[in-house]
Amino acid sequence: MNEDYLWDRSGAPEPDIERLERVLGTLREDVPAPHFKMPAQEIRRPGLAPWLGRLAAVAAIVVIVLAGSWYSLQQSVRAWSVTRLTGAPSIGGFAVAASGELRPGDWLVTDSASRAQVSLGLIGRFQVSPNSSIRVVRSQWNDFRVALNRGRVDAQIWAPPKFFFVETPAALAVDLGCVYSLEVDENGVATLRVTRGWVALEEGGRRSFVPAGAMCRTRPKWGPGTPLQQDASERLRNKIEEVDFELAGVSGGVPGGIAGGISGGVSGGVSGGVSGGISGGVEGLKRRRAEAIAAIANEARIEDRVTLWHLLSRVAEAERAPIYNRLAELAPPPAGVTREGILRGDSQMLARWWSGLALGDTTWWGFWRGPLPAPL
1 MNEDYLWDRS GAPEPDIERL ERVLGTLRED VPAPHFKMPA QEIRRPGLAP
51 WLGRLAAVAA IVVIVLAGSW YSLQQSVRAW SVTRLTGAPS IGGFAVAASG
101 ELRPGDWLVT DSASRAQVSL GLIGRFQVSP NSSIRVVRSQ WNDFRVALNR
151 GRVDAQIWAP PKFFFVETPA ALAVDLGCVY SLEVDENGVA TLRVTRGWVA
201 LEEGGRRSFV PAGAMCRTRP KWGPGTPLQQ DASERLRNKI EEVDFELAGV
251 SGGVPGGIAG GISGGVSGGV SGGVSGGISG GVEGLKRRRA EAIAAIANEA
301 RIEDRVTLWH LLSRVAEAER APIYNRLAEL APPPAGVTRE GILRGDSQML
351 ARWWSGLALG DTTWWGFWRG PLPAPL
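Read in our numbering, the sequence shown has 29 at position 29, and its numbers run on one by one without any break.
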């Protein structure tokens, strides 16, 4: 078949097509079709009636969904559902056979062979590992809070930021919509590892914002340390431990002053085999701290920019230059952020630089109740 003829009548037509055209041609009419004018009363314009019905249907669906969500949330507030995974976890000293409920004030304890899962309904869920002890502190529609005395929890939270909190002996973990693990050892030292989203750690005005792929340690009396990438080098981890805890306070890095620096240095010297803190006195501790900060700057990769940014607000003004230089090399500061401003601890410039570090979605900033960590 000549398809061109069918489209634009070009080319030779097929005999069957010609025959069909002759037959249909007898029905051709050259008189134009008559024009009918609609009576005025029959002319109708589309009104709101069709839309009102649709809107009513949508509203009904929304009401049903919200009512179901509210009911589920209220059920979560009244009691948290506990499912035994292995062994014999206990609530208030009574073993959980298959499932149970947690209410404010209840303790959930697992031994070396026990694991349990706690469901918070629309908020999320978390698993409790062996040798763990947690207590429900609060259960309100916008404040679900537990205290992790020891052990480990693995949380999956899909609620809006700042709905789920975990208290530890050293800091408060504030969920910002994420997946993470939090472990507390027998000395109260907590280790946070974030798999997805963000978690904030705070204690006494000191805050750490930990993104996916990063970790952070906390110690009682010191609060949250500096966030680190989970694949950071061992050298970088060790130097961060020195600056955050062992040598904290030597140069005013955190509250505690020289006395805190000396005690931290001595304990670090005893436990880590470091002699500088003891033999060199305060000046030796200061030199060791300066060397640690320089080592951090030299060791940091582009992936470690979150570590460097936090350090800028944690070390003393005289110690910031190496950290600034390395961060500026890895992630040049945006317009309006100057070296002088960062070295003197300008919080607005720190915030602007944070926004330019491309650390992922930080929409949770809008939910945060205060500014960025204030420089010391």
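Hints were generated in silico from the structure; no laboratory data involved. Do not rely on the hints blindly, as some may be mistaken.
SDA-like mimics (lysine to any residue), calculated; alpha carbons at most 25 Å apart, straight line [stated by the list, open to error]: (1) Lys286 to Ala297; (2) Lys162 to Val137; (3) Lys221 to Pro211; (4) Lys221 to Arg196; (5) Lys162 to Gly188; (6) Lys162 to Leu236; (7) Lys162 to Glu203; (8) Lys221 to Ser181; (9) Lys162 to Pro211; (10) Lys162 to Val179; (11) Lys221 to Leu236; (12) Lys221 to Ala292; (13) Lys221 to Asn187; (14) Lys286 to Ala212; (15) Lys162 to Asn142; (16) Lys221 to Gly205; (17) Lys286 to Pro220; (18) Lys162 to Arg150; (19) Lys221 to Ala113; (20) Lys221 to Thr191; (21) Lys162 to Arg237; (22) Lys221 to Arg135; (23) Lys286 to Gly213; (24) Lys286 to Pro333; (25) Lys162 to Ser112; (26) Lys221 to Asn142; (27) Lys162 to Ala212; (28) Lys162 to Leu172; (29) Lys162 to Asn238; (30) Lys221 to Arg103; (31) Lys221 to Pro169; (32) Lys221 to Gly204; (33) Lys286 to Arg196; (34) Lys286 to Ala321; (35) Lys162 to Glu234.
Pair ranges (Cβ atoms, derived) [said to hold, decoys possible]: (36) Leu122 to Ala335: 37 to 47 Å; (37) Glu291 to Ser99: 35 to 45 Å; (38) Thr83 to Asp185: 25 to 35 Å; (39) Ser355 to Thr191: 19 to 29 Å; (40) Gln348 to Arg287: 44 to 54 Å.
Glycine residues also receive a C-beta, built at the ideal position from the N, C-alpha and C atoms.
Hints violated by the structure (listed by number, smallest first): 4, 6, 14, 19, 21, 23, 24, 25, 26, 29, 30, 33, 35, 37 and 40
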